Amino acid sequence: RCVATAEEGGAGERCGWAGPLTDYPLHLKRCEFVRVECSFVGCSHVCRRTEMARHQENCEHRPLPCRFCGAVLPPQELKVHIEEACPEAPVPCLLACCGCEVRPRRREQADHQFRAADSHAALISTLSARVAAIAEPTDWILDEAQAVGVLTRMLEAAIDEVSRNSLTAQG
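Residues in the sequence shown are numbered from 96 upward in steps of one, following the working numbering.
None of these hints come from the bench; they were simulated from the model. There are no misleading hints in this set.
No more than 20 Å apart at the CA atoms, straight line, and that leaves these computed lysine to any residue pairs for SDA-like:
| # | residue 1 | residue 2 |
| --- | --- | --- |
| 1 | K124 | H150 |
| 2 | K174 | C138 |
| 3 | K124 | W112 |
| 4 | K174 | A184 |
| 5 | K124 | R144 |
| 6 | K124 | V98 |
| 7 | K124 | A148 |
Just so we're clear, the structure is a prediction, and the values are computed from it rather than from any experiment.
Could you build all of it, start to finish, from the sequences and the hints given here?
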């Protein structure tokens, strides 16, 4: 006889299976009263085998597909996958700090660098000129507050120019 019950400490509902002892291991693999643990990584939920499918439909540990490449991963790994490894995830250009606003797929980053070499050179040239202009000493700055204001305006102008050049290069 099968000794599985509906719930531990419950109403005592029991499996009615009876058969040869040699068939018992096979029966236990199918018995609806056997309590099983969720198979999703990180989940320790235990319930009757017949209730497991319903639990797994809503389990917070249920593996999810990556919205970019479709790889199915546990939720705790999905964010890291997208941020660090997914070949299809859009990532900032390596020269984003210089003003390139293109977001190629991770696997296309090297190709983007090759195709955008001219526009990247223009961005770097513009920034280099602005930095050189900011770094040059000027006799006409009378005090520190005025110097900060001048430098701020020059930096804003450089950012505006880089943005315009980036849009022109992409268009």
